[in-house]
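Mind docking chain X on chain L? Use the hints.
So the protein lines, in turn, are chains L and X. What the first sequence shows, in the working numbering, is residues 475 to 1023, in sequence order. What the second sequence shows, in the working numbering, is residues 475 to 1023, in sequence order.
Any given hint could be a false lead.
It does not matter which identical chain is meant; a pair holds if it fits inside one copy or across any two.
Stated by the list, open to error - When the alpha-carbon atoms are kept at most 20 Å apart in a straight line, the in silico PhoX-like pairs for lysine-lysine are as follows: (1) LYS658 to LYS867; (2) LYS658 to LYS648; (3) LYS703 to LYS742; (4) LYS648 to LYS504; (5) LYS504 to LYS652; (6) LYS658 to LYS513; (7) LYS652 to LYS513; (8) LYS703 to LYS520; (9) LYS580 to LYS662; (10) LYS771 to LYS742; (11) LYS513 to LYS844; (12) LYS851 to LYS480.
Simulated from the structure, these hints should not be mistaken for lab results.
Protein chains: 2
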Amino acid sequence: MSENYKNRLIEAYQAQENRTFYAAWPENPKAYAEDANAKGLEAFQKSLAQNFTQLDQEGSNGWVGEEISPYMMQGLGIHYPAFSADTLISKAQSAQQIWSQTSVEKRAEVLVNALDRVSARFFEIAYATMHTTGQSFVMSFQASGPHANDRAMEVLSMGYHELTRFPQAIDWVKNMGKFDLTLKKTYKPIPKGVALVIGCSTFPTWNTVPGLFASLITGNTSIVKPHPKSVLPIAIVVAEMQAALRDAGLPTSVVQLAVDTLESPITKHLAENTAVRLIDYTGGSAFGDYIESLPGKVVFTEKAGVNSVILDSVADAQPVFGNLAFAASLYSGQMCTAPQNIFVPESGIATAAGNLSFDDVVAGISAAVKGLAENPKMGAGTLGAIQNDITAKRVTDVSNSGAQMAAASLHVENAEFPDARTASTVVMVVDQNDTQHWQHECFGPILFVVKTRNSQESLRLAAASAQNLGAITCQCYTTSDAYAQEVEMAMNAVFTPVSFNFTGAAFVNQHAAFSDFHVTGGNPSGNASFTDSQYVNRRFVWVGNRYMA
Amino acid sequence: MSENYKNRLIEAYQAQENRTFYAAWPENPKAYAEDANAKGLEAFQKSLAQNFTQLDQEGSNGWVGEEISPYMMQGLGIHYPAFSADTLISKAQSAQQIWSQTSVEKRAEVLVNALDRVSARFFEIAYATMHTTGQSFVMSFQASGPHANDRAMEVLSMGYHELTRFPQAIDWVKNMGKFDLTLKKTYKPIPKGVALVIGCSTFPTWNTVPGLFASLITGNTSIVKPHPKSVLPIAIVVAEMQAALRDAGLPTSVVQLAVDTLESPITKHLAENTAVRLIDYTGGSAFGDYIESLPGKVVFTEKAGVNSVILDSVADAQPVFGNLAFAASLYSGQMCTAPQNIFVPESGIATAAGNLSFDDVVAGISAAVKGLAENPKMGAGTLGAIQNDITAKRVTDVSNSGAQMAAASLHVENAEFPDARTASTVVMVVDQNDTQHWQHECFGPILFVVKTRNSQESLRLAAASAQNLGAITCQCYTTSDAYAQEVEMAMNAVFTPVSFNFTGAAFVNQHAAFSDFHVTGGNPSGNASFTDSQYVNRRFVWVGNRYMA
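The following block holds chain L by itself, in its conformation from the complex (with noise of 0.2 Å):
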């Protein structure tokens, strides 16, 4: 049990008021212990073709699982307890008395040694988020075991703080002229109800643990509903988090695993349940439409976007071209904040060494994506593999569009697994009027060079796409500071966040957690943001109470 908790979320409060550099956790895996590697990976191979049994939830009416490995291409066997909605919401309902009246010390203590607990598990995780969601093992160790906690540990810090923002008591004194009238106050933060969080298939615990968390500190029971294809790395974060419940005597139905399939899916029987009234959604924008068209929820969501990156004008193009041949192809690029379209003007970009063709671009793009992916040391770590079957056909369905092609999408051969699911990023090339290729989400390895008229055409395409679509980010190269104040104030306008001229190991995907703000709430990619101090304080309700002294 961490003794000194409060100072660690205090610290880690003070780093998010900061925004300066902050991690909770190593995200290098040689920080951990020697043998922390090998372990994971005995008990990830372990738990293949087996029950999940480490869940401290009765009354289950069958066993689901059906998670497959995009390295392997075989499911993994692994069965998790299934349980109707209504069995869920009852036990979360009588959760829910204990736990809002437990302490805001207690509650934080609790998740805190919680995510300790977790920590001890991160390279299990880790395999298990390779063998779901296709990322490769550092990604996954990185960003299912340290980034995840350390989002965690931004929202506990932050709800935290809020909750114990004002005075629990007061003496409230009012001079009356010739008397005082005094009144003893007090404020309570009054948890809304029970939390539900819907995961996504490709982040099983980066996108589920910031709301999860935010839903517990505030002193909501939550169920969380992973992807049916990407249970595993949550199911092991709710098993350590129920341990850690357990440990402290209080009910480990504060928090529950909801597993289902694709074909009988539980998702809106749990949404739409009237004692559900709070949810954190991941996933595609039809469905989160839906989700937060619900009456009388308050509904957090981060859902599609098409992110974009404006190429006005740069030093050096080699390096450009490198930081975007990465950042497109970091997990295939199926991340949210992955580039998609790459505007350039038609007359190409100036650079230090001469103007360079709008042609001379796209072959520098095309160039860098395929060297990269058939760089033997970087393209099968860098690509992963697809999620599954659906992106994987979208690159094929974009490749054959009729849209001019300047890289084919390729499969990548990985040493370890011979059977994975790969596909390097294809590079379309279309011109700013051909909306119908460009002008939507085309999540996965997948890059459009949009010819525009000139740079003014680029930002208002950009600026009109993330106003529309929506966007969780957008990169700019220029070299002139007037075109990236424009460039900044137009696109923060539409509530999009700009990177400028990122090179090296800065890259327009990472997000880091304590200093950038992940989705703004402010445009269609999504309606909230990880972590303002919104997030956690729509989860609860301040009353006060007043007493005659």
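Just chain X, lined up with the frame of chain L:
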């Protein structure tokens, strides 16, 4: 111009974090200049039967005005310039860029200055409030003057704090092992867009300025749409705000007044315009539900509610009856915080002097209500006048509803205004099963004493009423600590604050700025609260940009 506006904001913010007594403007009219009252009255009288020409708004399409004094039962004859929704929105949009790029410090300074200007017209605003709402002079002065300014200051200080919470720019340095990755990051609070504030007829400034100043401090230009029958008080406020903007060299269309008529309302034209991104609303539930249902808006509502009193046991009954009578009769029950239903067990209530039967309780409450109304020093001043005919008719309808009447509503003579529309509080007695009488909002001077099986039933009914119909507040009288705890827990669970055992100068109606959250936002009485941090934070979006160092 206030030079120390920052210190005043910081002081006001610290007050609300501490939640102890604080007032930025004294509520006692005697604290102001000796001739202020006379000058205010004169200014009010001069404005009668005139065009209101103090607004700095061009492009009017005519003059409208239909205010009627509930004291004189005569039209005020004041006409205001009318504008089309399109004109108002186009001007708001054209001012949006300048205002959003005005620094937070400058915005804060201008808005504090506006409040100072308003304070110089407190007495005129008081008379304007009297003769539109029917409030007594003292309530008009306090509610529309210092108390409204205090709520605006509360919002400004919260906004100033939240907007300056994060650094504007930082260097983010991440050690990558062999080198440091350094990024410059900036954080900008980006306003949502044009704001609309829809006022009500009974509290034309108190219920309008919180949302108005919240939208403005966060950088959103704002359109104020008052109730057609209560324009003058907020028209003066808007005129002073425009003067403060003009003095600062800023466009006066940052805040505009949108006056319409009951016959040709423009509210929906404004609310449904896609440029309007924020809406604050005070008023009836039907229109409030419509406002909440508008897609793509962030909406803050205060709608109808039914406030309960739970009478269980008391030490001394008389002060309790007196307190209840005053709370119900103050401004003839036309407050969103006025009690409506008093739940009393059929066996009566325990007192230090023995049990008081149900009938004795009814008689005691009725006597107190009548005694107050008939007291020549208290009656007219406490009751004020009835704002509109619908409320007056409701009193008659309830009186004739067939339920048992324990105290009839009386016309109370007002020596100063013989034509005043007055009605003392009617007290009706009903059984808990006669829900058709008491289980809906009866706005105005109407009290139901509801006979319940026992105090457990009283609590169950009060909690269900708050959950289903909404409640802004609840009052409980009990000498039992155990029962008090039950009541607090059950009412708080439906997001309703409870005031316990109020007697003397403590009245459930009064919510003090800086200390009492007004409306919780958790039940159907409204979806937002004056003033938690969400009240400002939901009006802008944090956007972080990153630059290669």
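Query - LYS580 and LYS662: within-copy, between-copy, both or neither at 20 Å Cα - result: Intra 16 Å, inter 35 Å, cutoff 20 Å: intra-copy only.
Query - Same-copy or cross-copy closeness of LYS703 to LYS520 [CA-CA at most 20 Å] - result: Within one copy only: 19 Å inside, 74 Å across.
Requested in this report: Using 20 Å as the alpha carbon limit, work out where LYS504 and LYS652 are close: within a copy, between copies, both or neither.
Outcome: Answer is between: at 14 Å across copies they meet the 20 Å cutoff, but 71 Å inside does not.
Query raised in the report: 20 Å Cα cut-off: does LYS851 pair with LYS480 within a copy, between copies, both or neither?
Result: Cα proximity of LYS851 and LYS480: none, with 43 Å in one copy and 57 Å across.
Query raised in the report: Using 20 Å as the alpha-carbon threshold, which applies to LYS703 and LYS742: within, between, both, or neither?
Result: Answer is within: at 18 Å inside a copy they meet the 20 Å cutoff, but 46 Å across does not.
**Report entry** Alpha-carbon proximity between LYS658 and LYS867, which holds within one copy, between copies, both or neither at 20 Å
**Finding:** Answer is neither: 65 Å inside a copy and 39 Å across each miss the 20 Å cutoff.
Query - Alpha-carbon proximity between LYS658 and LYS648, which holds within one copy, between copies, both or neither at 20 Å - result: Classified as within: same-chain Cα gap 12 Å, cross-chain 48 Å, threshold 20 Å.
Query - Up to 20 Å CA-CA - LYS504 versus LYS648, copy category - result: Between copies only: 17 Å across, 61 Å inside.
Report task. Could you figure out if LYS771 and LYS742 sit no more than 20 Å apart (CA to CA) within one copy, between two copies, both or neither? Result -> Classified as within; 13 Å inside a copy, 25 Å across copies.
Query raised in the report: When no copy is specified for LYS658 and LYS513, does a C-alpha distance of 20 Å or less occur within a copy, between copies, both, or neither?
Result: neither (56 Å within a copy, 39 Å between copies)
Report task. Have a look at LYS513 and LYS844 and pick one of within, between, both or neither, based on CA distance no larger than 20 Å. Result -> neither (36 Å within a copy, 81 Å between copies)
Query raised in the report: How would you label the pair LYS652, LYS513 (within, between, both, or neither) given a Cα cut-off of 20 Å?
Result: neither (75 Å within a copy, 28 Å between copies)
When the structure is compared with the earlier hints, violations turn up for hints 1, 6, 7, 11, 12 and for no others.
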